[in-house]
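Hey, can you work out the whole structure from these sequences and the hints?
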Amino acid sequence: MKSILRSGPVQSTLAFLIWAYMALIGRTNRWHVEGLEKVEPLWDGDQGLIAASWHSRILLLPVGWTRYMRHRAGSDGKLAIMISMSRDGEFVARAAEKLGLKVIRGSRGNKKKQDKDKGGAAAIRETGELLKEGGAVCITIDGPRGPRQRASLGAALLAQRRGAKIVTYALAASPAKRLNSWDRFVIPFPFTKGAIVIGDIIEAPRGVPAEDIRQRMEDALNAATQRAEELVGGTYEPPEPLSEETA
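Each position in the sequence shown, counted from 1, maps to that position plus 1481 in the numbering used here.
Don't take each hint at face value.
[What the hints assert, rightly or not] Derived BS3-like pairs (lysine-lysine); straight-line CA-CA distance at most 27 Å:
#	residue 1	residue 2
1	K1646	K1613
2	K1519	K1646
3	K1583	K1519
4	K1658	K1613
5	K1579	K1613
6	K1519	K1559
7	K1583	K1613
8	K1519	K1674
9	K1559	K1646
[Stated by the list, open to error] Derived Cβ-Cβ restraints for the label pairs, each shown as a range:
#	residue 1	residue 2	range
10	P1690	T1509	25 to 31 Å
11	F1497	A1603	25 to 31 Å
12	T1494	E1614	33 to 39 Å
13	E1521	K1583	29 to 35 Å
14	S1493	K1519	37 to 43 Å
15	R1508	I1682	27 to 33 Å
16	A1504	E1684	33 to 39 Å
17	R1511	R1687	38 to 44 Å
18	W1524	S1724	39 to 45 Å
Quick caveat, the hints were computed from the structure, so don't treat them as lab data. Idealized CB from N, CA, C, for every residue including glycine.
As structure tokens, then:
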């Protein structure tokens, strides 16, 4: 089965189906957008932006990214989304490229599998250069393996190093199917209600501890996600409780 899924024709077919579904969701759902005025003043600037979202919303992410961030001055070639090097990530990456997004492949490495290259270092370098040029990149800050709705430190450190601002970017759709996966992956239904909520804009000055920025980012994105679920009449699921190992 793994060899079949890795074959070129199968991956191309799955990528096409995911792209078609993403496009269908974007075009047929009734979208409520809240907080866009927070990010609009940043579009004409030359400061890099990191859009922070949750891994569970991957199928929804391109909606706002392609509709609204394209309005940013000089955005051609400077809008990207970071997607993991996993097999599932390959399908989504190809679909995102079909939507006209630049894709940066890479993810956090696994401490238990230090010999396995996840492309994380190269992805960080490429993202850093994009931000330096005033570009914008969307990052799922709890991906690719969680804990669910708990931000990793990476986006905070990257924002500090490149002087970028963090835009908390939440999405919801209802009704939708939630899978029993680590992230409670959301599969939105077409012809339903959708919401895009721009939460707090997080500054990342170098003199502030990165952990403080990480926590503010996590809290702001969870608050924005809760608001997005309220707008569509959905059910907000709070973050996964932290174990002693991850706390």
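Against the structure, the hints come out as follows:
1. K1646 - K1613: holds (12 Å)
2. K1519 - K1646: Holds, at about 12 Å.
3. K1583 - K1519: holds (24 Å)
4. K1658 - K1613: violated (38 Å)
5. K1579 - K1613: Measuring from Cα to Cα gives roughly 25 Å; hence the hint holds.
6. K1519 - K1559: Holds, because 20 Å separates the two Cα atoms, which is no more than 27 Å.
7. K1583 - K1613: holds (16 Å)
8. K1519 - K1674: holds (23 Å)
9. K1559 - K1646: holds (15 Å)
10. P1690 - T1509: 25 to 31 Å: At 44 Å between Cβs, range violated.
11. F1497 - A1603: 25 to 31 Å: Given range 25 to 31 Å: holds, Cβ gap about 27 Å.
12. T1494 - E1614: 33 to 39 Å: Cβ of T1494 to Cβ of E1614: about 35 Å, so the range 33 to 39 Å holds.
13. E1521 - K1583: 29 to 35 Å: Given a distance of about 22 Å, which is not inside 29 to 35 Å, the answer is violated.
14. S1493 - K1519: 37 to 43 Å: Given about 38 Å between the Cβ atoms, the range holds.
15. R1508 - I1682: 27 to 33 Å: For R1508 and I1682 the Cβ distance comes to about 28 Å; the hint holds.
16. A1504 - E1684: 33 to 39 Å: Since the Cβ atoms of A1504 and E1684 sit about 35 Å apart, the hinted range of 33 to 39 Å holds.
17. R1511 - R1687: 38 to 44 Å: holds (42 Å)
18. W1524 - S1724: 39 to 45 Å: For W1524 and S1724 the Cβ distance comes to about 40 Å; the hint holds.
Violation of the numbered hints given earlier is confined to hints 4, 10 and 13; the remaining hints are satisfied by the structure.
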